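**Student:** Each chain, letter by letter, is given below.
There are 2 protein chains.
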Amino acid sequence: MNEAGNSSFNVQSMHGDARRGTLSTMHGEVQTPVFMPIATVGALKTLLPSEVANLGASIILGNTYHLLLRPGEEALRRTGGVRPFMGWEGPMLTDSGGYQVFSLSKLNKTDDDGVTFQSHIDGSTHRLTAERSMEIQDAIGSSIRMQFDDVAAGNSTRERYEEAMERSLRWAARSKKRFDEIVGESTDAERPQLFGIVQGGTHEDLRARSLQGLIDIGFDGYAIGGLSVGESREDTFRIVRSLAQQMPKDRPRYFMGGGMPEEIVAYVSFGVDMFDCVLPTRNARHGSLFVWKGNPKNAVREAFRRAQAGESDVRIADALYEKIQITNERFTADDGCIDSESSAETSRQFSRAYLRHLFQTGETLGLRLATLQNLSFYLQMMQELRECTANPL
Amino acid sequence: MNEAGNSSFNVQSMHGDARRGTLSTMHGEVQTPVFMPIATVGALKTLLPSEVANLGASIILGNTYHLLLRPGEEALRRTGGVRPFMGWEGPMLTDSGGYQVFSLSKLNKTDDDGVTFQSHIDGSTHRLTAERSMEIQDAIGSSIRMQFDDVAAGNSTRERYEEAMERSLRWAARSKKRFDEIVGESTDAERPQLFGIVQGGTHEDLRARSLQGLIDIGFDGYAIGGLSVGESREDTFRIVRSLAQQMPKDRPRYFMGGGMPEEIVAYVSFGVDMFDCVLPTRNARHGSLFVWKGNPKNAVREAFRRAQAGESDVRIADALYEKIQITNERFTADDGCIDSESSAETSRQFSRAYLRHLFQTGETLGLRLATLQNLSFYLQMMQELRECTANPL
Chain A
2 MNEAGNSSFN VQSMHGDARR GTLSTMHGEV QTPVFMPIAT VGALKTLLPS EVANLGASII
62 LGNTYHLLLR PGEEALRRTG GVRPFMGWEG PMLTDSGGYQ VFSLSKLNKT DDDGVTFQSH
122 IDGSTHRLTA ERSMEIQDAI GSSIRMQFDD VAAGNSTRER YEEAMERSLR WAARSKKRFD
182 EIVGESTDAE RPQLFGIVQG GTHEDLRARS LQGLIDIGFD GYAIGGLSVG ESREDTFRIV
242 RSLAQQMPKD RPRYFMGGGM PEEIVAYVSF GVDMFDCVLP TRNARHGSLF VWKGNPKNAV
302 REAFRRAQAG ESDVRIADAL YEKIQITNER FTADDGCIDS ESSAETSRQF SRAYLRHLFQ
362 TGETLGLRLA TLQNLSFYLQ MMQELRECTA NPL
Chain S
2 MNEAGNSSFN VQSMHGDARR GTLSTMHGEV QTPVFMPIAT VGALKTLLPS EVANLGASII
62 LGNTYHLLLR PGEEALRRTG GVRPFMGWEG PMLTDSGGYQ VFSLSKLNKT DDDGVTFQSH
122 IDGSTHRLTA ERSMEIQDAI GSSIRMQFDD VAAGNSTRER YEEAMERSLR WAARSKKRFD
182 EIVGESTDAE RPQLFGIVQG GTHEDLRARS LQGLIDIGFD GYAIGGLSVG ESREDTFRIV
242 RSLAQQMPKD RPRYFMGGGM PEEIVAYVSF GVDMFDCVLP TRNARHGSLF VWKGNPKNAV
302 REAFRRAQAG ESDVRIADAL YEKIQITNER FTADDGCIDS ESSAETSRQF SRAYLRHLFQ
362 TGETLGLRLA TLQNLSFYLQ MMQELRECTA NPL
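Those protein sequences? They're chains A and S, same order as listed.
Numbering follows this note's numbering, with no gaps: position 182 of the first sequence is 183.
Numbering follows this note's numbering, with no gaps: position 287 of the second sequence is 288.
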């Protein structure tokens, strides 16, 4: 039970700081640690929702910025949200739109009230505020929604990190207020959830102040934002480890926008529960595949052991996977299957030579097979991490 | 039973001139009339072989020109042919490479012995003769192979049509000779089959001479080539109707590279058994969909009735389908499913508004859903045409 009196998140067991939990949402349960595949505009690249579910995904992520531009708020309200529109029946988390306004829009201007920006598609002008973000996420109909935040660019000055963090806290309060107006303050199981986002760059004191400010407002879950933006891996690990120690034990912890498999294993060992990342799909698009090093159960167990022992990200990765570039000449006559250990049937069925051939000839089936390989790798890794953390408390 | 003493093709029933048959190949049986989806380089666009089979495809078509360039003869021999390479277990027909040498290669020069051409991909020089075509099709490992032919461009002079037809006959004899050397002259069920191709443009006398020349050589099946290349629909219908009357009754008849659904219905009514066409997949790529006009059984029955009554292609089409451009503004808020009558589950599951959204946002899932719609339309049409022709002799 937590401050708000509900029990939407339950930790069933721990292994060191790592947690095995269950997150209950209005659209179904999510077993954590969990990876959320990204359905940017309401589509999981080449895959059907049923296929993504079959790979083991229980929750997916939608991007508010993209969905606001296309299909737009009106279409989302008409169809009852993006979940029925795209045929995904399980839970969905949406970001606030803030991050992508900064990274994708043509022009953007932030003031204390919000952000005005031009669409990267047609140059049309839009305005996003904490209140509007809540309204659009409501139109999207997501199960878990994120506060609107001000994201400082990587390698900003301490002053800029502090400004963005303080502004994000003010926007957090406004997000919470508008969210409560929209969904009501009940703790009903039918209610969507709202997560706060910890900012503050690589400064531990700013991060701590940010977290405390968010806890004072009170959220259903807490996210770590503004990392994986160019800082050193050591800095990321340091901030995540220290924050995970301070974050409420009875709420889910979500690391936003990261990362490589070895990072996820490390963050799970620090006590983080939720992840999303473009890497599996983006790599697939370029023919870059994550392939298991031997048996997945053994590989993840060893990687998890190394993470708990504080070994480096390189050492963790080394236990987990080989990254192969399928377009490479050396796969021309490789008749072995894509990955004999994969949970994706297609990866055990089709050869590396065939997948290379599909990339060489520009056949979209290649993109589909590569996406299945990489997504299944991430999802299978999470399944094994849940096993690793399933020891009794 | 036919001249060669085998019975690889059996006509079970007829309805007017239309035939309901069974074609036995070394890789399985094919129920005719049949449509063969095109797996150009060994991939059916966005689809897995199992999905194409589930839509009702029993035989697919591979392109010798494309497969010769990529993955190339060596890779094809190494993997035991393109069928195991791509995971297709059923029968496959290959064209001879001739047509695509003319339509795709950078430079090509025909002499009496064959064609020298430059790859459209890397400019490398290749040579194709009747003998080489047989050898490459053997490396591809197709169940049904086509003779090498000289294809006159549409709107050629009678002299050029005659030259191409005579040369094709000489190449037919050479194709047969080399084919027999490769596979042996047995009539074994394990033997691949070789089809001859009738040429002669829109000149009935040239067509008749071509057909007789081919019959004298003796083939497992006979194809109508060199049509759907710009001539009038009336000319095509006239030639196909007249040829179908003359073609051996105990051998399969294959119309190459055509066409629109109404053409296929007409040619079936004339007595043609086999078809292939890029239209369903090419249209899908551009968001152009064939959508059933009401119940498929009734639609095809009515179209078939009109074809048998000699009505125009426009009247036949009118009974069958509506062609919709899914990217059109008018589908923005169309929450109806893509095609409620489709045999493709995804077409009954996803809305037109969603499919339009996928095309607008460039998501490859849109290509997949559109391909499923169009391919299922053609395959379902063939299924209903087989019902139409299943009346007893």
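None of these hints come from the bench; they were simulated from the model.
Hints should not be assumed to be uniformly reliable.
Since the list gives no way to pick one copy over another, a pair counts as held whenever it fits inside one copy or between any two copies.
[To be verified] Calculated cross-link-like contacts (lysine to any residue; reagent style SDA-like; alpha-carbon spacing at most 25 Å): (1) Lys177 - Asp139; (2) Lys294 - Ala154; (3) Lys294 - Arg161; (4) Lys107 - Ala391; (5) Lys107 - Glu182; (6) Lys177 - Gln326; (7) Lys110 - Asp206; (8) Lys107 - Phe360; (9) Lys250 - Thr117; (10) Lys107 - Thr362; (11) Lys324 - Ser352; (12) Lys107 - Ala190; (13) Lys110 - Thr365; (14) Lys107 - Gln361; (15) Lys107 - Ser344.
Note that this is a predicted model, so its numbers are computed, not measured.
**Student:** Compare the structure with each hint and give your call.
**Tutor:** Right, here's what the structure says about each hint:
no. : hint            : result
1   : Lys177 - Asp139 : within (13 Å within a copy, 69 Å between copies)
2   : Lys294 - Ala154 : neither (35 Å within a copy, 55 Å between copies)
3   : Lys294 - Arg161 : neither (42 Å within a copy, 62 Å between copies)
4   : Lys107 - Ala391 : neither (46 Å within a copy, 62 Å between copies)
5   : Lys107 - Glu182 : neither (32 Å within a copy, 66 Å between copies)
6   : Lys177 - Gln326 : neither (45 Å within a copy, 43 Å between copies)
7   : Lys110 - Asp206 : neither (28 Å within a copy, 76 Å between copies)
8   : Lys107 - Phe360 : between (32 Å within a copy, 23 Å between copies)
9   : Lys250 - Thr117 : neither (37 Å within a copy, 73 Å between copies)
10  : Lys107 - Thr362 : between (34 Å within a copy, 18 Å between copies)
11  : Lys324 - Ser352 : within (16 Å within a copy, 38 Å between copies)
12  : Lys107 - Ala190 : neither (40 Å within a copy, 65 Å between copies)
13  : Lys110 - Thr365 : neither (38 Å within a copy, 33 Å between copies)
14  : Lys107 - Gln361 : between (33 Å within a copy, 19 Å between copies)
15  : Lys107 - Ser344 : neither (40 Å within a copy, 44 Å between copies)
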